[in-house]
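Following the hints, put chain B in place on chain A, whose structure we already have.
Each chain, written out:
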Amino acid sequence: DMKVTQMPRYLIKRMGENVLLECGQDMSHETMYWYRQDPGLGLQLIYISYDVDSNSEGDIPKGYRVSRKKREHFSLILDSAKTNQTSVYFCASSPSTGHSAETLYFGSGTRLTVL
Amino acid sequence: GQQVKQSSPSLTVQEGGILILNCDYENDMFDYFAWYKKYPDNSPTLLISVRSNVDKREDGRFTVFLNKSGKHFSLHITASQPEDTAVYLCAAGENQGGSAKLIFGEGTKLTVSS
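Going down the list, the sequences are from chains A and B.
At position 107 of the first sequence (counting the first as 1) the number is 107 in our numbering, and the numbers step up by one without a gap.
When you read off a place in the second sequence, starting at 1, and then add 115, the result is the number in our numbering.
Be aware that one or more of the hints could be misleading.
Said to hold, decoys possible - For lysine to aspartate or glutamate, the following DMTMM-like pairs were computed, each having C-alpha atoms within a straight-line distance of at most 25 Å:
#1 LYS62/A with GLU209/B
#2 LYS224/B with ASP59/A
#3 LYS3/A with ASP174/B
#4 LYS186/B with ASP59/A
#5 LYS3/A with GLU198/B
#6 LYS216/B with GLU72/A
#7 LYS152/B with ASP26/A
#8 LYS152/B with GLU22/A
#9 LYS13/A with ASP156/B
#10 LYS152/B with GLU30/A
#11 LYS3/A with ASP199/B
#12 LYS62/A with GLU141/B
#13 LYS216/B with ASP38/A
#14 LYS216/B with ASP26/A
#15 LYS216/B with GLU57/A
#16 LYS224/B with GLU173/B
#17 LYS120/B with GLU57/A
#18 LYS120/B with ASP38/A
#19 LYS216/B with ASP59/A
#20 LYS120/B with ASP59/A
#21 LYS82/A with ASP156/B
#22 LYS216/B with GLU30/A
#23 LYS224/B with ASP174/B
#24 LYS69/A with ASP26/A
#25 LYS70/A with ASP53/A
#26 LYS216/B with ASP51/A
#27 LYS224/B with ASP38/A
#28 LYS216/B with GLU22/A
#29 LYS152/B with ASP59/A
#30 LYS3/A with ASP156/B
#31 LYS152/B with ASP38/A
#32 LYS70/A with GLU57/A
#33 LYS216/B with ASP53/A
#34 LYS171/B with ASP143/B
#35 LYS183/B with ASP59/A
Simulated from the structure, these hints should not be mistaken for lab results.
If we strip away everything but chain A, and leave its shape as in the complex, we get:
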């Protein structure tokens, strides 16, 4: 069963704390993504990873960093969280080959609240 798994589903942190959002996929997809969704703004790309240790900034990378040490795992790290980072974070992966190369498979999202 093809799946993208995000942990945790809900998270509450205080301003200044470090935050780690985890994402895993069991489809051996090369490319993985982190997006955040805010009302009226759709999905904004934070980072894209083309494979292990091959990461590239998206449109809003400031305040975030990522880690991809294994193909199946992609982590999003917030060092010293800010209140404006309260959002729903979606992880996704895509095959990068075949007729559905560009199709994104999303996880269920992590709702992060920074107080």
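Chain B only, in chain A's frame:
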């Protein structure tokens, strides 16, 4: 600025009706265009997509039309049903060796009333 824009934040249609969702983009290099569907508290899922070498793709009740010269693509839904009620996100990107750095629009909240 917003590279991919959806003109309508919300839309309501009667069951059985036809509706059109619109999306405009700015980047001439985009060659992949998609519509994703999202239910509340769920993740987005791909509904239909098209590459730039065609200007139309149909899948059942859903058709995407691409107008490259106008940097515009649209989703047509026929015989709308209450279960079509969802947020529709358009997305566009440039295929770079297989993967596409997809840029999403703001979303259109569609309500199909019975």
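LYS216/B paired with GLU72/A [C-alpha distance capped at 25 Å]: holds (19 Å)
LYS3/A paired with ASP199/B [C-alpha distance capped at 25 Å]: It holds: about 24 Å lies between the C-alpha atoms, which stays within 25 Å.
Hinted pair LYS171/B and ASP143/B, Cα distance within 25 Å: holds (18 Å)
Hint consistency between LYS224/B and GLU173/B [alpha-carbon to alpha-carbon, up to 25 Å]: holds (22 Å)
Given hint GLU141/B paired with LYS62/A - CA-CA distance at most 25 Å: holds (23 Å)
LYS216/B paired with GLU57/A [C-alpha distance capped at 25 Å]: OK: LYS216/B and GLU57/A at ~10 Å, within 25 Å.
Agreement of LYS120/B and GLU57/A with the hint, judged by alpha carbon distance not exceeding 25 Å: holds (21 Å)
Restraint status (C-alpha distance of LYS216/B to GLU22/A at most 25 Å): Satisfied, since the Cα-Cα distance of roughly 21 Å is no more than 25 Å.
Hint consistency between LYS216/B and ASP51/A [alpha-carbon to alpha-carbon, up to 25 Å]: Distance of about 14 Å is within 25 Å: holds.
Satisfaction of hint between GLU22/A and LYS152/B, Cα-Cα up to 25 Å: holds (24 Å)
Given hint ASP26/A paired with LYS216/B - CA-CA distance at most 25 Å: Given that 25 Å is the threshold and the Cα spacing comes to 21 Å, the pair holds.
Satisfaction of hint between GLU30/A and LYS152/B, Cα-Cα up to 25 Å: holds (24 Å)
In this structure, none of the earlier numbered hints is contradicted; all agree with it.
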